[in-house]
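Q: Residue numbers (the numbering used here), protein chains in the order written: chain A, 8 to 182; chain B, 76 to 746; chain C, 125 to 423.
Rather than coming from a laboratory, the hints here were simulated on the basis of the structure. It cannot be assumed that every hint is accurate.
Just some of the chain A residues that point at chain C, by a computed CB distance under 7 Å [said to hold, decoys possible]:
hint, residue
1, LEU23
2, MET70
3, SER105
Label-pair distances were calculated between CB atoms; the ranges are [unchecked claim]:
hint, chain 1, residue 1, chain 2, residue 2, range
4, C, TYR139, B, ALA474, 20 to 30 Å
5, B, THR452, C, ILE129, 50 to 60 Å
6, C, ASP394, A, LEU122, 50 to 60 Å
7, C, THR383, B, ARG577, 19 to 29 Å
8, B, ARG552, C, ILE371, 21 to 31 Å
9, A, LEU122, C, LEU136, 56 to 66 Å
10, C, LEU179, A, GLY112, 24 to 34 Å
11, B, ASP209, C, VAL330, 50 to 60 Å
12, A, ARG107, C, ARG178, 48 to 58 Å
Nothing here was measured: the structure is a model prediction, and the numbers come from that model. For every residue, glycine included, the Cβ atom is placed at its ideal position computed from N, Cα and C.
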Amino acid sequence: MTGSVWELFFLVFFGLAAIWFGIVVFRTHSMVRSALALLFSQTAIGAMFMVMQAEFLGVLQIMMMATEMSVMALFMVMFMMDPGGMGAMEMSHQKRLSLRAGGVGLLAALAVSWLADWGPAAASIPDASRQVELLGIELLGRSMFIFESAGLTILTSMIAATMVAIAPRKPGGGT
Amino acid sequence: MMHGARTGMRTGLRRLIAGAMARDLCAFVVPGSDVARARGLDLARAGLHLAATPRHANVLLVVGTLPPDLRDAATVAYAQMPRPRAILALGADTLAPLPAADATGPLTQVGLVAALADLRRVVANGAFAAKVTDFDAPALQTRIEYTCPMHPEVISDEPGNCPICGMTLMPKEASASSPAAHQPKQSAPAHQPPAVAHAAHGHSTHTAAETPAQYTCPMHLEVISDEPGNCPKCGMFLVPVDAKPVGHSGHDHHDHHDHHDHSKHVATETPTQYTCPMHPEVISDEPGSCPKCGMFLVPVEAKPEDHSGHDHDGHAGHEGHAGHSGGPAIDGIEPHFMSMVNLTRDMPASADGLKMEWIEVPFGPFFPGLPGGLGLTLTLDGDAIAETRVQSLVGGSIAADGLTPAEFVERFADQSPLCRVANRQLACLALENAASVAPDARTATARAAAVERERIASHLGWLASFAAQTGLVWMERRAAAKQLSIQAAPVDQIAANAASLRAFLHRVRKTPLLRAKLAGNGRIGEGKPVVGPVARAQGVQSDARAGDWVYDALGFQVVTGTGGDALARLHQRCDEINQSLELIARAKELSVPEPQNIGTVTGQGQATVETPRGAAHLVVELLGGKLVTATYRPPSAAHIDLLADLIQAQEIADALVAVGSLDLSPWGLPA
Amino acid sequence: MSIAILLLTLTLGAYFIAVIEGWAVHGRFSLTRPALSAVALFGRESLLARTPDRLFFEAAPVLLLVAGLLAVAVIPLAPGLIIADLATGALFLNAALAYVLVALIMAGWGPNGGYAMIGGWRFLGQFIAYAMLIVMPITAVAMRAESLSTTMIVTSQADLWNVFYQPLGFVLFVLAAMGLAWLPPLDLPNAPGDLAGGVEAEYTGVRLAVLRLARMVIILALAGAIVTFYLGGWLGPWLPGWAWSVIKMLVVTTVMLTTGRLVPRVREADLLAAGWKLGIPLALANIFLVGVIALVVDI
C-alpha cells in the first residue's frame, strides 16, 4: 500500500476511535471512566492531527488533553455522586436540550466545513520542522495579540476562580 | 510440603522459577521489624528483604509467640500474600490458625540463618505442587454490612432502607473480626429545608402565593402539611411548597414549549404514573419502590390542563436524583435537582472545607514504620483523618498468681519485648521492695547501666522506624545496625563505639529538610498527661530517674527540650542517647537485672522505673514468697488516649509521623 | 538495525537502573538480584482485588510501559541512533510522559482500595506541583537550539553544554523529573512508610513485573532527556557518541536514585507550595535570562 493509503487508513481508524470513546463517555456509569474515555477520545484526535502531518498540533493536543482530562477526572470524583458507577444511576440531565444543542452543533459544523471557502488544497506542505518555525513566527507576529490576551484572560480567570473558591475565614477560626 | 504452594506441575521452567524464588525471599515481618530488632535479629545481614505490604512478600516471618488476636491479624496478612508463600516461625509456640510453619528455628540470629537455609530448600522444592488445598480460617470470614450508596456514613448490620433518602441499603463486605455493630451513623439530623427562597423563575402567579407556608414531600407530592416535619411515607423532610410545583418548569428540559402559565395542579391532582428518580426507565402505576435500587418512586408529572398533546417522556419531573430536599429550585435545572453542594451540606468537613467520602483504612497492626501490634484504624476523609480507633492487639495483663519471683521476672520481661531489661528491673525492684531488701551499690549501678543500654537500643530502634516512615533508607539501615550491635554489648565495646554513635546522631540531626518535615507536627497541648521523652520534649521535668540515689551518684540530670513537636522529640531522644552513653561510661559495670533471693515474704511492693518510653509502675503482692497479683501501668497507656485528638484532621502522612513520634508500645496495654 | 541496538541499550539500561535502585534501597550491590526478582515474579499469582475497576487495573501498567517506550523513542544516543526523529521531539517526550499521570490515576482507582486510591490522587497533586517545572525549562532549551528536535538540541550544545548555560533550568528539570518518576523524596504515590506501597500495593505477579519494568523505562527516558537537554547528549572527546550518551545517562540515573534518599519524603503541602511559589517564578526567570543571554551573546 502506498503512503497515502496508509494515511487514510489511520485517519479513519483514529477517527472511529475518537467517536467510539466519545460515545463511551455517555454510555458508561462510572464517572472516572467517563473522564478518561474523553481523554482517549482527544488523544485519538491528536493522533489524527499527526496523521494529517500537523505534527506540532497533534503532539500539543495529546499532551494537553492528558493533563486536562486527568484534572477533570479529579473534579468529577470530588463533585459527583457515585463516581464509580456502582449504583447504575442515571447521570445525564436535560436530555432534550442536550440533544437539540448537539444536533444544532452538528449542523453548524457540517455547514461550516462544507460551505466555507477553504481555498485550494495545498499540493505540498512544509515538513514538520519548517511548520514549527512558521508557527512560531505566526504566534509572535500576526497572532501575538490574540494569544497574549487569551493567555492573560486565562490567567486572570484562574486566579479569580481560586480566590472565589477559598472559603472566607470566619473570625475565630473555622470555615 | 509447603502449605502455601501454587498449583502446577514441576516442569523445568517452574523449577527455574522456584529456584529464583528461593533466592529472592521477601519477608513480611509479624509483629513488626521493630520487635525483630529488639529480639536481636539482623534480617538484612541474613539476606532477607523486607516487604512493605504482604502482597509483595513471599515469606511470613513470625517472631516470637503471638497472642491470639495478633495471630488472627497475621492470618489475614498471610491470606493476602500471593502464592507460593511460606511461613518462617522463630521461637513461636503455636501458629494456629495459620498453617504449620515451613521452617522453624530458635529466636536467635544463628537460628534465623539456619531456618532461612531450610526455607530456601523448601521453597525451591515445594513452590509448585500438583495438588494444593486452599487455605481458610475463621478470621478470614467476612461479614456483610449495609450502606446507602448516596449516604456512605449510614451503616447498618441488617438490610433496610436509608433513613435519609429511603434507598435500599447495599451490601458491603467488612471483616468479621472488625469491631462489630456500627451504630447506624447518621449525618447531622434534621437539617430543616432552607427557608423558602423563591428562585425567580419567571413564572408569576402561582397558587403558592395564595397558600403560604404549606409543606410537601419532594418525593410524594400528594402529601401536604401545614407545618414542617417528616413525610409519613418515606421519612424525608418536608419542603415548603414554593412557587414551583412539580411539573411546571420554565425549564426547557421538559418539552413543554408553552409553559408560561402553568396551572398549579400537582398539589391537588393525583399523578397517575410513578418513576424512580435514578432510573427513569422504571415506570409503575402505583407508588412503591424501584425494583433496581429501592428508592421510593416519585410521581411523574401529569399533563397540566393547558398543555396540548405533549408527549411526556416519562421522567420529566425528576430527572436526575430527586428525592432530596435539595434546596430551592434553580433556574435551568429540573426541580429537586440533587445538587452535591446541598447533599453534602451537613457532612463533616475537614479543615480545608472540602467534604469528601469517608473510607475506613486500617493502619495496623503490621504497618511498616508504626509499632508492631498496634491496631490503628483510621477513617479518612479524603486524605485527612476524620476518626481514629486505637487498640492494642498485644495487650493484656499477665496472670501472676502462684508464680515464683524468678518465674514472674521472666514472664514479665517477655511480655514487652521492646523493653525487656527495663521490665526486669521493674520486677526485681518491686519484689525487693516487698521484701524490704535493697541491692548493694555495685549491683544497683550495674543494673542501671543495663537499663541505660536498653534505652539507647530502644531509641535507636525508634529512629529506625522513623526513618522507615519517612523514606530515609540509609538512616534506617545504620540505626538498625547500631541498635543490634549495642543491644548485647559489654561496657568496653559500648565505649569503643560511642564516638561513631555520636557522629551518627549528629548526622541524623543535620538531615536536610528534616525541620520542614517535622516542625510543628504532633504537638500535644499543655496540661495533658504525657510521660517520658514526649513530656520532656515539651519541657516538662518528669523523669523517674531524677530522685534515684543510683542515678544521682552517676551525676544524672534531667534533659529537657522545647517545642513539644515531632522534631523536639527526635532531638530529645538523641540527647537521651548521648546522656545514656555518658552514664554507662561512668558506671563502668553492666549486668542485666537478676532477681535476688527474697525468701518467703508476704506483703506488697511497688517500684517505678523510667523505661525508654516513660515511667512504668508496678505493684506486686506476695504471699509466702509467691506472687498473688501484679498491677502494671505501662507508659504508653496515657499516650494512647491522646492519639485521637492529636491526629484529628491531619493529613495522613503528617498523622503517621505524629503517631510514630510518640513511640507507643502496645505491649502490656489493657487490650 | 539501529532499532535493535536501541532496544538492547534500553534493556540493559533498565536492568542497570534496577541494580542501582536495589543498591540504594538495600545497601548491597547485587548484579543478579533484579533478574531473580523478575523471574520469581513471573511465577507468582496475579491477584485481583475485590470489586476492582478491572479495565483500569489491567490497563495501568501497560499504559505506563507504553508511555515510557514512546518517551524513549525520541532520545538520541548518537547522531543517527534514534528511533523516531520527530521535529517536535522535546514536546513529544513531554506528551508521552504526561500519560504517566493517567496510568497512575488508573492504578490508583482500579483496585478500589484505600492505599491505592490515596496514592493515585496524591500523584495528581504532585503532578500539579511539577507539571510546569518540566515544561518551562524545555522552553528555554528549545529557545537556544531554535528547534524542538532532540537531535538539534544536542548539536546546539556543541560549544557549551546547557547545564552551564542554564543551570537554573537544569536544577528545576531534574527535580521535576524525579517527581514524574516518583523517586524519593517525591515518592508520594507509593510511599512505603505512609501507604504501604500505595499504587503499587495491589499489583502482584506479572502485572507487578510490567509495572516495575515500566518504571525503569520511565527513569531511563528521563535520564535520557536530562542528558539530551542539558548534558550535551553524545558530545564528548575520544569515545564514540553512543558511549558518551550511555555513560552520562548512567551517571544521571545513579545521582537521581541515590541523592534523593538522603532527604525525608516531602510533605504534599510543602511540595505544592514550593512548586508554585518558588519553582514557577524561577522557571520564568530562567526563560527570561536565557532569552536575554541568547540575544546578547552569540553562543
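Q: For the pair C:THR383 and B:ARG577, does the Cβ-Cβ distance stay inside 19 to 29 Å?
A: Holds: the Cβ-Cβ distance is about 25 Å, inside 19 to 29 Å.
Q: Can you let me know if the beta-carbon spacing of B:ASP209 and C:VAL330 is within 50 to 60 Å?
A: For C:VAL330 against B:ASP209, whose Cβ atoms are near 22 Å apart, the range 50 to 60 Å is violated.
Q: Does the interface hint hold: is A:SER105 within less than 7 Å of chain C, judged Cβ to Cβ?
A: 26 Å, violated
Q: Using 7 Å as the Cβ threshold, decide whether A:MET70 counts as touching chain C.
A: 4 Å, holds
Q: Taking 21 to 31 Å as the stated bounds, is the beta-carbon spacing between B:ARG552 and C:ILE371 within them?
A: 29 Å, holds
Q: Given A:LEU23 as an interface hint, is the shortest Cβ-Cβ distance to chain C below 7 Å?
A: Violated: closest Cβ of chain C sits about 19 Å from A:LEU23, beyond 7 Å.
Q: Is the hinted range of 50 to 60 Å satisfied by the C-beta distance from B:THR452 to C:ILE129?
A: 54 Å, holds
Q: Should the hint that A:ARG107 and C:ARG178 are 48 to 58 Å apart at their CB atoms be regarded as holding?
A: 36 Å, violated
Q: That 24 to 34 Å hint for C:LEU179 and A:GLY112 (C-beta), does it hold up?
A: 29 Å, holds
Q: Looking only at beta-carbon atoms, does the pair C:TYR139, B:ALA474 fall within the given range of 20 to 30 Å?
A: For B:ALA474 against C:TYR139, whose Cβ atoms are near 57 Å apart, the range 20 to 30 Å is violated.
Q: Per the hint of 56 to 66 Å, is the separation of the Cβ atoms of A:LEU122 and C:LEU136 within bounds?
A: 58 Å, holds
Q: If you check the beta carbons of C:ASP394 and A:LEU122, does the distance land in 50 to 60 Å?
A: 56 Å, holds
Consistency note: the structure conflicts with the earlier hints numbered 1, 3, 4, 11, 12.
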